[in-house]
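Undergrad: Full structure from sequences and hints, please.
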Amino acid sequence: MLKTQKQVELKGGLDPRLMTGWFIEQVRGLRIRSLWVSADHPSYEQQSIEAIGKLTRAGFTQRHIFCYVLVGWDGETMHDATARLRRIYLAGAMPFAQPYDKISDKAWRRFAKTWSRPAVTKAVMRECAISG
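Letter by letter, the sequence shown follows residues 1 to 132 in the working numbering.
Among the hints, a few may not be true.
Under the rule of at most 25 angstroms between Cα atoms (straight-line distance), these lysine-lysine pairs were calculated in the PhoX-like manner [as the list claims (entries may be wrong)]:
no. : residue 1 : residue 2
1   : K106      : K122
2   : K102      : K11
3   : K54       : K6
Think of the hints as simulated: they come from the structure by calculation, not from any bench.
TA: The following block contains the structure:
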């Protein structure tokens with residue numbers, strides 16, 4: 001069914017632990033507009049980065065690969081969240097910050113909003129590259 005569709009969007013937050021070689025081959029046969037990987041917990045970061053690498057090697061670009069990144073969970077600081085978002089970006093996906101649902105702090109909401117806009121994310125990453 002998906003093979004007949006144009007501009008397929010897999011927005012469910014694909015579990016990086018399930019992104020096997022077989023899965024990647026199946027996805028390569030589709031007309032993908034966007035793939036959304038999940039990075040729900042800092043302990044899954046390496047698996048998310050590996051999944052992004054597999055997608056990149058299969059020919060997908062940052063214009064196709066997005067990553068939901070849960071931020072602020074279990075006392076995570078904005079500094080730590082920023083570092084994680086940057087690593088996801090550098091791995092080849094466009095990060096999309098999702099604040100932990102128990103966070104009501106406006107600073108975290110603003111933080112997540114900043115990291116949920118691709119144009120702003122690209123500008124932040126360019127600034128980081130320029131400054132060092």
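Undergrad: Decide if the proposed pair is consistent with the structure: K102 and K11, CA atoms, cutoff 25 angstroms inclusive.
TA: Holds, at roughly 23 angstroms.
Undergrad: Taking only the CA atoms, is the gap from K54 to K6 under or equal to 25 angstroms?
TA: holds, 22 angstroms
Undergrad: Is K106 close enough to K122, meaning Cα to Cα at most 25 angstroms?
TA: holds, 23 angstroms
Of the hints listed earlier, there is not a single one the structure fails to meet.
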